[in-house]
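Participant: Chains as they are written, first to last, in the numbering used here: chain A, 1 to 105; chain P, 106 to 671.
These aren't lab readings, by the way, just hints derived from the structure by calculation.
Heads up, a few of these hints could be off.
If you anchor each label on the Cβ, the simulated ranges turn out as follows [what the hints assert, rightly or not]:
#1 Ala20/A / Ala534/P: 29 to 37 Å
#2 Trp288/P / Leu19/A: 48 to 56 Å
#3 Phe548/P / Ala24/A: 31 to 39 Å
#4 Ala540/P / Ile62/A: 36 to 44 Å
#5 Leu475/P / Ala17/A: 52 to 60 Å
#6 Met605/P / Leu19/A: 51 to 59 Å
#7 Ala73/A / Gly266/P: 20 to 28 Å
#8 Ala24/A / Pro544/P: 55 to 63 Å
#9 Ile116/P / Val35/A: 56 to 64 Å
#10 Glu472/P / Val35/A: 23 to 31 Å
#11 Trp595/P / Ile62/A: 28 to 36 Å
A few chain P residues that face chain A, going by a derived Cβ cut-off under 8 Å, partial list only [what the hints assert, rightly or not]:
#12 Ala270
#13 Ala356
#14 Phe360
#15 Ala489
#16 Gly559
#17 Val566
Every residue, glycine too, gets a C-beta built ideally from N, C-alpha and C.
One letter stands for each residue in the lines below.
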Amino acid sequence: MIVRGEPRLGFSTQLIAILAALAAVAALSGIVRAVLASPAEDRVGPMEAPLAPALVAALSMIVLWALAWVARAALSRREDHYIEDLEEAEDADGQPPSAGSGARR
Amino acid sequence: MSLNPGLPLLIAAALALVLPLAVRRPVLVAAALASVAAMFAPPFGEHDVFTQLGIRMTPLLLDPLSQTLGLAAAAAAVVVMIAAQARVNRSEDVALCLQAGGAVSAVFAGDLLTYLAAAAIAGFGGIGLVLSTPTPEARAAAMRLSIWQLGAGVGLCLGVGLLGAQGAALPLAPIALEGTASWLIFLGMATLAGGPIAHVWFKDALPQTSTVGGAAMAALSLAPGLVGVARCFAGEPILIGAGLVLALGAAVMAFADSDWRRALAYGLLSHAGLIWAALGVGGLGLAGASALFFAQTLAALILGLAIGAARDLVGPDAASGANGGAGQRMPAMAALATVGALSIAACPGTIGYGARSLAMQSFSSEERALFAIALTAAGAACLAHVGLKLPLAVFLGIGRRRMPGPAPDFSLQLAAGMAAFFVIAVGAAPQWLYALLPPGEVFHAPYTVERIAGQTQLLAVAAALVLLLRPLPLMPGRRPTELLDLDWLWRRPGRRAAAMAGGALLSGYARWSAAFVQWTAKAAAWSEALARAADRPGRPGAIGPAWAALAAAAFGLGLYWASLSG
């Protein structure tokens, strides 16, 4: 006999709900910053705009994501990048590693 | 009677060598508690000053800076010693005590020589922590770490020696960054503090340690360097640039790397970049940097313990990529790790928020507006890599991984829980921390509507973008891979170039030695022929008597000339 529990929200629904909540929080904080009469001392230069933190966060996330992709494309470790790994592999069986055997941990 | 608060931990290191397990465990915790108590006993000022070989030594300097950083380091030692109850490893116990004792001693050192000795002890402890993991990779990482520590120590020694030779006193006090001596000291301290380029030792060593050793290394290994930079070079503009490079560069690597503990190491380095930048401002920046150090120490402890426990759970080979699913087997640790991650991300309600707010206040001038924006971006990046991506990767997921390891011990959870308590308690009432900060009591109000709104907006947008990107297959760090860092330059092409240079030198030496042998053989044959020719002048085949007399006269004249000129 199959017992069905409470219906659960799907992953997409949960994600959309969380994103909507975060967007609402960001918008609300922007409104609060816009109506404040006496901004804090550390709101300087371009950071005075009500949505400046959101803009900085969005730009930094996009740049971070792009740079992380470049880093992974350019810097992913291949078989013989660290020479001591090859030497350790040689030490293990007295023979140099065959092609494709790898020295990955 | 006053003593350096690091001393109880160093004594415990010696005792841990011989004490049986049942006694050793309480001794470790008692030593860490004694370390905390020792820093509140004497009043502010220099203590136990003496002169050794004409040099004024100050083993204990109590002031707001040393008390703030020392309290963080000693509290970390307490948490680590409680966590150490979870396993049996005598050598690692000794290394823990050495590293914690050295770090705390360095924080309270009042002169450069005491600081140098304490930093070296902490370095030995760090190497011991890595060596406590019995794998070839850990041994190799320990050797590389020892080279970095040795290099930093040699730089410091040379700088201090040159400074002493110039007749300067050697207090651990502000030094103008000019001349060889001050640059050597700066580079040594910057290496210990994980500065740009030297940061590779931290990301290289941390993943090779055990769970408890990793937490200790994450929380304490940067402390000697940071306190040295704070004491001697606070206010130097170079620190702002170097801090920004470290914060942004390490953030990219933390976001891109898939190995959980290496990503944590990069994330902590990125946060350390914020400390560097705040130190570069000086004044209020020094207070902000101290608060950031306090926050980072507690968060590093929690995250080090939680991610180390998750790695033990899934196995070392599987501790990378997304969908770790460890939260199903260790929900309490996952919740505690979330607290630490939110603190690194400066979420309101945590100590990280109070510290970041104070640090950002130090950049509140128009001429530093660009730095403020860059630091705000680095703060958003902290949320992205350590605050969200890492906990989600480790703890979230449907648990498809095989989890052969044990669930975390109660001691680990208790230790992480204690650190999390301070993160929230001090976060709720940050004035307690502000009252301790250098250069004296600091007045700052982080919980204004304006500041909370700005930080909330920043975090909400950054979190939304990370969550939006995470399900996509394009999200970096989903597939396990190891990224190359700057150390690749000297671990591969540098090493090959050194091998080639060594080969060329050996080849040159072989040729030179062969030529030398030939030349000496020729010289011997020539001198033998000369001796034969000079033997019994006048006989057949020898030189004539006139030539022999001429040579003898020339030799005599030479001797006479030499006696005149001498």
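Participant: Work down the list of hints and note, for each, if the structure agrees.
Facilitator: Taking the hints in turn, this is what the structure says about them:
1. Ala20/A / Ala534/P: 29 to 37 Å: Taking Cβ atoms as reference, Ala20/A and Ala534/P lie about 33 Å apart, which means the hint holds.
2. Trp288/P / Leu19/A: 48 to 56 Å: Hint holds: Cβ distance 50 Å, inside 48 to 56 Å.
3. Phe548/P / Ala24/A: 31 to 39 Å: holds (34 Å)
4. Ala540/P / Ile62/A: 36 to 44 Å: About 40 Å separates the Cβ atoms of Ala540/P and Ile62/A, which means 36 to 44 Å holds.
5. Leu475/P / Ala17/A: 52 to 60 Å: violated (37 Å)
6. Met605/P / Leu19/A: 51 to 59 Å: About 55 Å separates the Cβ atoms of Met605/P and Leu19/A, which means 51 to 59 Å holds.
7. Ala73/A / Gly266/P: 20 to 28 Å: Check failed, 46 Å falls outside 20 to 28 Å.
8. Ala24/A / Pro544/P: 55 to 63 Å: violated (42 Å)
9. Ile116/P / Val35/A: 56 to 64 Å: holds (60 Å)
10. Glu472/P / Val35/A: 23 to 31 Å: holds (29 Å)
11. Trp595/P / Ile62/A: 28 to 36 Å: Holds: the Cβ-Cβ distance is about 33 Å, inside 28 to 36 Å.
12. Ala270: violated (39 Å)
13. Ala356: Nearest chain A Cβ about 6 Å off; hint holds.
14. Phe360: Hint holds; Phe360/P Cβ to chain A Cβ min 4 Å, cut 8 Å.
15. Ala489: OK, holds: Ala489/P within 8 Å of chain A, min 6 Å.
16. Gly559: holds (5 Å)
17. Val566: Holds, because the Cβ-Cβ distance from Val566/P to chain A comes to roughly 4 Å (cut-off 8 Å).
In summary, the numbered hints that this structure violates are 5, 7, 8 and 12.
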